[in-house]
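Working from the sequences, and respecting the hints, build out all of it.
The number in my numbering is simply the position in the sequence shown, starting from 1, with 26 added.
Hints were generated in silico from the structure; no laboratory data involved.
Mixed in with the good hints there might be a few duds.
Stated by the list, open to error - What follows is a list of derived Cβ distance ranges for each label pair:
# : residue 1 : residue 2 : range
1 : F489      : S268      : 48 to 54 Å
2 : T265      : L173      : 46 to 52 Å
3 : S240      : L102      : 35 to 41 Å
4 : T471      : D242      : 52 to 58 Å
5 : A276      : R309      : 21 to 27 Å
This structure is a prediction, so every number in the text was calculated from the model and none was measured.
By construction, the Cβ of each residue, glycine as well, lies at the ideal position given by its N, Cα and C atoms.
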Amino acid sequence: MGVGDVSRSIHDYLDLVDALQQSISPQPGHDFEVNYCEIDGMLEKIANLETQFRLGRSKLQNIRNQSRVLIPPNRLPTEIFSYIFYLCFQSEAEPVDPQLWDEDATPDDDTQSIISVGPQVCHHWRDVILGTHKLWTSIDLSSPASLYDADLALKRSKTLPLAIYLDLVLEEGEGWHKPALDLLRPHMSRCRELSMHANNLEAMGHAVHQLTKSGDMPLLRDVTLTSREAGEVLSLGETAISLFTAMTQAVDYLHLLGVFLPWESRSFTNLVGLTLTHIDDTRAPTPAQMETILRSCPLLEYLELEDIAPLLPPVEPPTFTSPSSIVMKALDTVKVQRVGVPIFHHIADVISAPALTTVLFADSVGRPRAGLSEVEFGAHSALFSLTSASHAVSLQYLSIELGTWSSSEFIRLLKPLESLQDLRLSLMKGVDNILAGLVSEGCCTDLCALTLIECYSQDASLFKAIRKLASDPERESH
Numbered sequence: 027m028g029v030g031d032v033s034r035s036i037h038d039y040l041d042l043v044d045a046l047q048q049s050i051s052p053q054p055g056h057d058f059e060v061n062y063c064e065i066d067g068m069l070e071k072i073a074n075l076e077t078q079f080r081l082g083r084s085k086l087q088n089i090r091n092q093s094r095v096l097i098p099p100n101r102l103p104t105e106i107f108s109y110i111f112y113l114c115f116q117s118e119a120e121p122v123d124p125q126l127w128d129e130d131a132t133p134d135d136d137t138q139s140i141i142s143v144g145p146q147v148c149h150h151w152r153d154v155i156l157g158t159h160k161l162w163t164s165i166d167l168s169s170p171a172s173l174y175d176a177d178l179a180l181k182r183s184k185t186l187p188l189a190i191y192l193d194l195v196l197e198e199g200e201g202w203h204k205p206a207l208d209l210l211r212p213h214m215s216r217c218r219e220l221s222m223h224a225n226n227l228e229a230m231g232h233a234v235h236q237l238t239k240s241g242d243m244p245l246l247r248d249v250t251l252t253s254r255e256a257g258e259v260l261s262l263g264e265t266a267i268s269l270f271t272a273m274t275q276a277v278d279y280l281h282l283l284g285v286f287l288p289w290e291s292r293s294f295t296n297l298v299g300l301t302l303t304h305i306d307d308t309r310a311p312t313p314a315q316m317e318t319i320l321r322s323c324p325l326l327e328y329l330e331l332e333d334i335a336p337l338l339p340p341v342e343p344p345t346f347t348s349p350s351s352i353v354m355k356a357l358d359t360v361k362v363q364r365v366g367v368p369i370f371h372h373i374a375d376v377i378s379a380p381a382l383t384t385v386l387f388a389d390s391v392g393r394p395r396a397g398l399s400e401v402e403f404g405a406h407s408a409l410f411s412l413t414s415a416s417h418a419v420s421l422q423y424l425s426i427e428l429g430t431w432s433s434s435e436f437i438r439l440l441k442p443l444e445s446l447q448d449l450r451l452s453l454m455k456g457v458d459n460i461l462a463g464l465v466s467e468g469c470c471t472d473l474c475a476l477t478l479i480e481c482y483s484q485d486a487s488l489f490k491a492i493r494k495l496a497s498d499p500e501r502e503s504h
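This is the structure:
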């Protein structure tokens, strides 16, 4: 039956109803009771027809719904476009791990952000991007040319929280700094992440003073201060320190890269993440000051220390018989690179981190001597303490760069780490013996990733050790 047949059937149905209405109209002299009986009989038949008709309409509606599903849309909904653009925007904002950089690749200077290129594709993309306010929440002020884009982003972000990047390096003159700070000041109450970079103490101090004029910053959770002056540590003045301390009362993440704050500052309290790098020997914290900071951050999850070398002689490593005095239940990641042994030693000995999953260690700073130096010996002992039994169950990632290790000593370090899944070794000697020891001692059977960087061997022993490790029947093949 075609559509024409259905149409004729419907018309026949309507004609039948009209005929029924005419045939049962009361005529002079007719018995009304007889007419009513005829009406009841005909209505019952009509009701059956109407039921079948409604069933047919339902089937037709199902056919329409299926046809809509089968026909692809010629335009994605605005919400889908908005979400796709936001994912692109997030991927652009994520930092690239330097270890993944391709040194042979040439940078693409023509690379542009989705919010710059997208509006040029078509009017629809332009409308979606301009209407997606969360695409405009990253404010980059790094040059005079960025003032216009920053002003536009501040307006289009409406009332959403902001991530602000402010570069105050004095190369093109400081004339644009004042309009940049004036532009940001009314919006600082929306600031969630603040990253300031400067190669001049006055510029950073002035920026802190100007930005705090706006009043409280209730949303501020992540602050980064970076010194761009090679080999120079920026130390804020008393006024700037006071303003900065007040500004960072509720901050969760604090990153100081070549910038010094007094170690007793209240900025070092109740942190979730702490990064301290490039602190010269005259301003480096003592082990006791570092312990005080750790005690003030019971919920600390991330700790990174790099290039911190205090003016203290290397100490003979203790035996670590005393129990750890700070239990840091949330601590997940510890990165220690070129840090003075006294500091690393004390941190490793004093903390207990039952949830620790990641440890990255690079050579510590100190006085070398013939053979295994006191510094290396102390750093090794500290690393043993940091990966001791209290942390061995949870530790999954271990990265070690530089160092003179005997294979037996390194196997002793790895043996308790039953949950270790990822091992990264850089610039180390005797790696072939270490890998052979992993197999012979049955260590780290859950290991599924091994990375060796510039771990050279003069013969084929390294490749033989890798092959033997990969074919070990006691561990899964990865």
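Each hint, compared with the structure:
1. F489 - S268: 48 to 54 Å: The hint (48 to 54 Å, Cβ to Cβ) is violated, given that F489 and S268 are roughly 60 Å apart.
2. T265 - L173: 46 to 52 Å: violated, 27 Å
3. S240 - L102: 35 to 41 Å: holds, 40 Å
4. T471 - D242: 52 to 58 Å: Hint holds: Cβ distance 53 Å, inside 52 to 58 Å.
5. A276 - R309: 21 to 27 Å: holds, 26 Å
Hints 1 and 2, counting from the list given before, are not met by this structure.
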